[in-house]
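> Sequence:
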Amino acid sequence: MLTLFHAPQSRSGRIVWLLEELGAPYEIEYVDIFRALSGTGKADPANPHPDGKVPALLHDGALVTESAAIALYLTDLFPRANLGAPAGSPERAAYLTWLSWTAGEMEPAYWSRIRGETEADPIARKRYDAVNARILGALDHGPWLMGHRFTAVDVMVGSAMLWGREFAPQSAAMDAWLARLSDRPGNLLAAARDAAPAPLADVA
Numbered sequence: 001m002l003t004l005f006h007a008p009q010s011r012s013g014r015i016v017w018l019l020e021e022l023g024a025p026y027e028i029e030y031v032d033i034f035r036a037l038s039g040t041g042k043a044d045p046a047n048p049h050p051d052g053k054v055p056a057l058l059h060d061g062a063l064v065t066e067s068a069a070i071a072l073y074l075t076d077l078f079p080r081a082n083l084g085a086p087a088g089s090p091e092r093a094a095y096l097t098w099l100s101w102t103a104g105e106m107e108p109a110y111w112s113r114i115r116g117e118t119e120a121d122p123i124a125r126k127r128y129d130a131v132n133a134r135i136l137g138a139l140d141h142g143p144w145l146m147g148h149r150f151t152a153v154d155v156m157v158g159s160a161m162l163w164g165r166e167f168a169p170q171s172a173a174m175d176a177w178l179a180r181l182s183d184r185p186g187n188l189l190a191a192a193r194d195a196a197p198a199p200l201a202d203v204a
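Numbering-wise (UniProt numbering), the sequence shown opens with residue 1 and increments by one.
Keep in mind that the hints were calculated from the coordinates and are not lab data. Do not rely on the hints blindly, as some may be mistaken.
[To be verified] Cβ pair distances, simulated, as ranges: (1) Arg125 with Glu91: 27 to 35 Å; (2) Gly164 with Ala69: 20 to 28 Å; (3) Phe34 with Leu188: 21 to 29 Å; (4) Glu91 with Leu136: 39 to 47 Å; (5) His148 with Glu119: 34 to 42 Å; (6) Arg115 with Arg80: 36 to 44 Å.
Since this is a predicted model, take the numbers as computed values, not measurements. All C-beta atoms, glycine included, are put in the ideal place defined by N, C-alpha and C.
Put together the whole structure using the sequences plus the hints.
Here it is as structure tokens:
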């Protein structure tokens, strides 16, 4: 059984999206991460993430955390969905690189942009420009980041870009890609499941 520990309006939303794309049976446990992060309360005791964050995925007693690790775990677990790249396949190296690059390069570059650091720091600006060049360069070769096939890479990168589109450069290719992502049934289903069905209980 797959159980995703999820906080509404957080990074774990992209794992909800990926699970919908995979067609995987899963349950959501809604947890609160914001009291602990803001210092206004204790970590939610229902959340098994060792840092009190999300996403966290429990699969038959095995716990996986960090979005890239969960994406790899799930696409390996459900190979027939064809959203990953099997070990030993020609695409595997690029697939692993994209997943790690999202967390290691793209997200830090965009947080620098959001905080306004790219205006004053030439290193931050260079990193931000390089990230956009990589995304746009990939879109030159296909409708999706890994070419002509939609993969978990599009979910990982695209979820962040949909949230932070105003901080990205103007680009018709990027707009078209994001529109394709927005219209995917899996994304629409994930958006509907994002919010908790009832207020979370207070944690003293």
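> Each of the hints needs a verdict: does it hold here or not?
Results for each hint:
1. Arg125 with Glu91: 27 to 35 Å: With Cβ atoms ~32 Å apart, the hint holds.
2. Gly164 with Ala69: 20 to 28 Å: Check passed, 22 Å falls within 20 to 28 Å.
3. Phe34 with Leu188: 21 to 29 Å: holds, 25 Å
4. Glu91 with Leu136: 39 to 47 Å: Violated - the Cβ-Cβ distance for glutamate 91 and leucine 136, about 20 Å, lies outside 39 to 47 Å.
5. His148 with Glu119: 34 to 42 Å: holds, 37 Å
6. Arg115 with Arg80: 36 to 44 Å: Given range 36 to 44 Å: holds, Cβ gap about 41 Å.
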